[in-house]
Each structure stands twice: as structure tokens, then as C-alpha cells.
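Residue numbers (our numbering), protein chains in the order written: chain A, 1 to 577; chain B, 578 to 750.
Among the clues, some could well be false.
To be verified - Partial list, computed: chain A residues near chain B (C-beta under 8 Å): (1) T37; (2) H40; (3) F44; (4) Q70.
Simulated from the structure, these hints should not be mistaken for lab results.
All C-beta atoms, glycine included, are put in the ideal place defined by N, C-alpha and C.
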Amino acid sequence: MPATVFHQQPPEVGGKEELRKQMFRSSSPFSLLPVETVRHIFSFQSLRAELDNTVEDQQLSTCTVFNIAQVCRRWRQIALDFPRLWNRILLYNLRVTTELLVRSKDAPIVVYADFHAVSDLRPQPECLTLALQDPRRLQELIVNGTDVLPGFLQAIQSAPAPQLAVLRLDNFMRWSHLDIPLFEANTPLLHSLSLSGCSMDWAWLKTLSNMTSLQLSNFHDIYRPSLDAILDLLSRSPNLTNLSLFSVGPMITAVPEYIVDLPHLEKLNFVVADAAEYASLLTHIRVPVNARMCMSLPVDNAWEIEDLVKAPLTQHFVRNGAAQSERTQWRSLYISDEVEAAWLEHVTFFAGPEEMTGPPDGEWGDSAFTLCLSATGEQNPDVPAFLDWMLAQPPFTTVDTLVLESTFLARTPDDLRFLFNPALHITTLVLVGPTFVALCKMFQERTQDSWLHWDVMRLLQRIPHLARVVLRHCAVNSAFRSDAARLGSRYEECERLRLAGSNNPPTFAVEIAECDVDEAHVYEVWHAAGSVGAWDAGWDKQTSGTNVPLPHPVHAVFDEPNLEVVELDGEELEEWA
Amino acid sequence: MPTIVSVDDSTVPGEGSSRLLLLVSSDNKHIVVEEDIMSRSRFISKQVEGFEATSQRHAILLPFSSFVLNKVIEYCSHYRGYYLLEDDPDAAPPGRSPVREWDQEFLDVDRNMLLRIIKAAHYLEIKSLVGSCARAIADMIRGKTTEEMREILGVENDFTPEEEHSPSSKCTG
Chain A
1 MPATVFHQQP PEVGGKEELR KQMFRSSSPF SLLPVETVRH IFSFQSLRAE LDNTVEDQQL
61 STCTVFNIAQ VCRRWRQIAL DFPRLWNRIL LYNLRVTTEL LVRSKDAPIV VYADFHAVSD
121 LRPQPECLTL ALQDPRRLQE LIVNGTDVLP GFLQAIQSAP APQLAVLRLD NFMRWSHLDI
181 PLFEANTPLL HSLSLSGCSM DWAWLKTLSN MTSLQLSNFH DIYRPSLDAI LDLLSRSPNL
241 TNLSLFSVGP MITAVPEYIV DLPHLEKLNF VVADAAEYAS LLTHIRVPVN ARMCMSLPVD
301 NAWEIEDLVK APLTQHFVRN GAAQSERTQW RSLYISDEVE AAWLEHVTFF AGPEEMTGPP
361 DGEWGDSAFT LCLSATGEQN PDVPAFLDWM LAQPPFTTVD TLVLESTFLA RTPDDLRFLF
421 NPALHITTLV LVGPTFVALC KMFQERTQDS WLHWDVMRLL QRIPHLARVV LRHCAVNSAF
481 RSDAARLGSR YEECERLRLA GSNNPPTFAV EIAECDVDEA HVYEVWHAAG SVGAWDAGWD
541 KQTSGTNVPL PHPVHAVFDE PNLEVVELDG EELEEWA
Chain B
578 MPTIVSVDDS TVPGEGSSRL LLLVSSDNKH IVVEEDIMSR SRFISKQVEG FEATSQRHAI
638 LLPFSSFVLN KVIEYCSHYR GYYLLEDDPD AAPPGRSPVR EWDQEFLDVD RNMLLRIIKA
698 AHYLEIKSLV GSCARAIADM IRGKTTEEMR EILGVENDFT PEEEHSPSSK CTG
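Next comes chain A alone, as it looks inside the complex (with noise of 0.2 Å):
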């Protein structure tokens, strides 16, 4: 006889909580789901997705895929069963990294070990030493410390790691040199390796290929590679789009007479402090011409980017498919024609490889040509002299949007000259941070009046052709920002004109995104800025007797009806000084 409800035998004690439980079971939807859609479920909850970015903020026991084993036996076996779910190795706890591993089974395991978290969790070394005792199950590899931690190394030469697809060490054994190729130089799925401080054996370097993001920091200068040994490694990895050489040359030893192209290159950033290894390595690689260079003034050195703006940068591979071997030659022009001029689209000044990323999307619109400067003669007195002649060379005079980092602190007003050459086309001006507040404060000081936001925009409003003032993570007063909101709303118009042939000047704009408005918070980034460098010692005596010698009369027409119409001459100029 079929066994049905029917005929079961009526509930022991107990069994009636079961019976109402199952009831309830059966009633949920959830628990009808197939297993292989309640993974899907928990995948989006497996600790690589809940730890990724904010292990130091974690306490281990809100991590949701801890939790959801403990929901009830069907989610418990399912979560136990699915491996992906285990497969980022914590470190903090000997018997967790132990469980992890054994959950994990053999699926291939994320470790990231930061020992320089601030954070109560720092990862244990013999937490590390266990989840590293088989190589061959990593795939991704990331530990940010200084220490050379016992076994370590061992366990990274010892054994090859045939999945690892991400290997980073950063900041691992500084200015030191591994001559043992790492993992037994088996590694064929690699495609992203950042190495900071320490150097590689470079014929392990050299058997990587087809690698899509290659970061290389901070090599001791005795191990720094050759061009043609870099030149070597990006020939055989075409599908690069993110290259960061952050001092570690090149040495130039001799000049290669090829061009490696990287035609997905998206973003590219070097530093170096000598324009001519920029120079080698430019001339020597084809890159798209959307792809984001990011290059950093070398503030003792502003020289050499002179040299650099003059070097034919895409001369020898735009037009001649072949590289410039005389190194003279590179003094003799510069960039000047329209596809110089794309190709350096979004070149931009910045100093270190975590900037790589640039402003929010759409902030620098459709700029023809955005230039980002952080450096300023707050650090060193002869750069607005130089950006100032650097901006009336082309294809700089082509820039469009122009954008002050929040390093760029003016030391006085004359530091800001170089904005209101005539040889200039900016139309959009975006000041980061306390670029603002150090304009405001320059401001201040003169008047002795406090928030003179209006009258730094009227300055600015001399800046030829500038229609458009956008200020980003800046502090300004509630009114002030309700001001520039309805200027701001009337840019869109505005630019419609513009591009309709208007002959009416364009509305000066002014944009506020990310700022604070909160008084406490602009009085503290206030002070901040005032403690930047030099900023207060010896301000008075750095603004006294300034000059401002604005080199031309500006016709600047406010349309804003609470705002005073401003007409500029050559006694309100001398205001200034």
C-alpha cells in the first residue's frame, strides 16, 4: 500500500511541531526553489563578494554567508556543498582559515593578506603560511606588507601555481630583488601582476604573456629593467590595458628600432623622474588615442616635461611606423598638428598610481582636450612660470577643460597668471578640494572679509572664454551654493547657444557636485588647507606686494540679476595687486 498522508501513523509527542513546521516549509516559495537557483542566491553572498574592499571594516560574524548556513539544514547542505561559497581565505583565525580551506574543497582560492589594515582583524602569518601550502590551488594572490614573513617565500617558489590569474605583492621586501623565478614560472593563466617595491627576476617576467593589466613600482634603481627588456615583456601581452610603470625606468641602454602596439590600452601612467625614459617608452609603443595618460610633473624637474612637450612623443609612430633612434632630435619639435593633439586628449599630471581612475564619469563631458594639473608652486615657485609657457604651446592651447587637483594650492595670485593667457580656450574650469578654499583664503586675506566665494568667480570670470566653473569636494556656504545652483541649471542652455553660433557671450556657470555644506565641515577644511606646506608661514609676506598683472582688459557680463555687472579695467585690475 502507497505510503500517504493518510495512512501515517498519527504524530508522537512532537510530532505535530514537526508536521506544522514541514506545513510552513512546504508553503514557503523559497523552499521550492531548485538548489541550483538558491546558489545563484548565495554566489552574490560568498565571502570574495562581502570582503573584497572592506575586509578592515568586517566583523566576521555579520558576514552574511557565515549566516546563511545557519538559516536550516537545507540551506546549511547547500552552502556546504558549493564551495565558491568558502573560496576567500580568511586569515585572522587559524581554525577559520582551516575551515575555509577544507569548505572551499577544491576550488581555486582568493588569499589576500593586508598587514598594513588599520583594523583589529590583521591577518596572522601562520594563517597565511597554511592557505599558501598548495600553490597550485590560487588563483588570486594579494599581500601588502613589508616583513619577509617565514615560508613565504618558499611558498611562492616552491610550487607552480597553475590557476593563478592575480598576483599582487605590494610594498613586499622594499628595494630587495628575487632572482628565483616565482612559482616555478608556471603560471599560464596570469594576467594580472603588480609587484611594488621588490624586484623580479626578469626572465620570469619574461615567460608571462597575454596579461591585461602589468603595475610595476618602485624598483631598487640596480634592478630596474632595460627598455628592451620591458618593451620584450609588452610585446607579448597585446591584450594590456592597464600599464603602470611607477619608477622603475626604463634604462635606456640602447634604442630599439620597433614599436609594440597595445591597441586595447586604456589606461596608461608612468613615473619617472627624467623625461627622457617618458620619452624612450612613448616613442616605442602605439596606443589608442581614447586611452587616459597620466603622467607626473616632476616638480623639481619642471624642466624636463618642457623637454617632453617638445619631444616628437607621436611623431615617429603616427606618421612614420618606426621609432626615432637620435636622441637630439627629440629637442627639435613638438606636437602640433589635430592627431597629436587627440592623442594627448586626456593627458593628465598626477602622481601616483591609485589616480589613475579620474573624475566621476561625465564631469569632463565632451572635452575635447582635458588637462588635470596637481603640481603647484606651493611646491615649487618656477611651475606656474612653466605652465604658463606650457599652455600657450600646442597642442595645449587646445585644451578646453582644465582641471586644478586638490593639491594644487596657489600660493598666491600670481601662481594663477598662467589662466588668464589670451593664447588659452578653457571654457571649463574644475577646482578639486582645496583648490577653493585656498583661492577663498588668498581672498580673505586681502579683505579681511571671510566667504568671498562671488569674488573668486568674478576673478575667474576674467579667464577668457570660460563659461562654465564646476567645484568638486570644495567647501562653500549654503548661500553660495544656492546661488551657483540656479547659475549652474542655466549652463545646459547656455551651451546650446553656444554651439548654435549664439553671438550672445555664454552664461558663467558655477557647478557644485560633492561638496559639504555643513559649516563645521568648511571650517575644518579650511584650517586643513591653511596647514598645507608653506601655506601659513610666511603668507604675509608672501602676498605682499604681490603683483597681478591680468594681461588684458576682460568684458565679462553677468547675467545673474543679484549679482553686480562687472566691467574690468585697468584700475580694477590693479585692485587685484
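Using the hints, position chain B against chain A.
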């Protein structure tokens, strides 16, 4: 397996620029939909291939209500002609479904409806919809305690007290 019934050609035109399918829901509602719209469903595609092999046209009976079926059709209609990686049988499956803004609004429904949609999507083999539903459910339980998860998804705790408190059931120490 769905039940397949024969239908006459006047109900479902056979040839033309947009052939029609007749879908019958569990509450016996007949819904005519363009084949092109439902091509995102691997299940429907396989059914249609079967029709072509036998030169007969059929209605497809589905084991969920017309309300749920209409939601699925709305989804498929929205992405008609769009390429979604998850639905490409020849592409390597993505690690996790991407966030799609429209999907988030589309799936802003109560828990039971969400679970019914994901079940239907699983049945119809629409991987992109399964992925979006899974993401929505995952968002509902993210950061929640065990008890809160049970409450949200209507799952009963069937552990014995011993099982629940045994060291092996916990990993966090």
C-alpha cells in the same frame, strides 16, 4: 514536462515576419506572444525546434499563473533584440549577473512574487532573469542575521538545538 496540446493554424499563424506562440498558464489563460520575444527562453526555443521537427504547431502549457507569465513576457519584451551575455548559450557564463537598473525597478515586487518569477525564469531557462532575481533576493538578505533571513524568506529553523549550537555549524568562532 509541460503538456502540449494541438492548436489549429488560425490561432497561431505559422509563417510570417513574426510568428506567434500560444502560451497557456496554469490558470488556463491563453496568451499569444510573438516567438521572437520569447526566444530568450531556452525552454521555449527548444519547444519551437520540436514543432519544426514535427511540422505541427502547438500551444505550450506552463505550470505558473498568467500573472507570473505576464511578468516574464514583460521582461522578455523589454529586452527584445538586446544581447545579454547570460542568455548566450555559446558564451562563457559570467561570474555574477550585472546590475541592470531597469531590472531593479521591474523586480521591485513583494517577496512571494519575486520567488515565483525566479522559479518561472528557472523553468523557462532565462538565465538573465534568474540572475537578476537572484541578485534581488540576495540584496534582501545581505547583512541580515540568521533569524532575519528566516523571517524575510519564510524559512523555518529545522535545526535541533544541539545542531544549532554545535561548533561545527559555526565557522567564525
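*asked:* Hint Q70 of chain A vs chain B: min CB-CB distance below 8 Å?
replied: holds, 5 Å
*Against chain B, with CB atoms and a cut of 8 Å, does the hint on F44 of chain A hold up?*
Nearest chain B Cβ about 3 Å off; hint holds.
*Please verify that hint: H40 of chain A, Cβ, nearest Cβ of chain B, below 8 Å or not.*
Result: holds, 4 Å to nearest chain B Cβ.
*With 8 Å as the cut and Cβ atoms as the points, is T37 of chain A at the interface with chain B?*
holds, 5 Å
Of the numbered hints stated above, none is contradicted by the structure.
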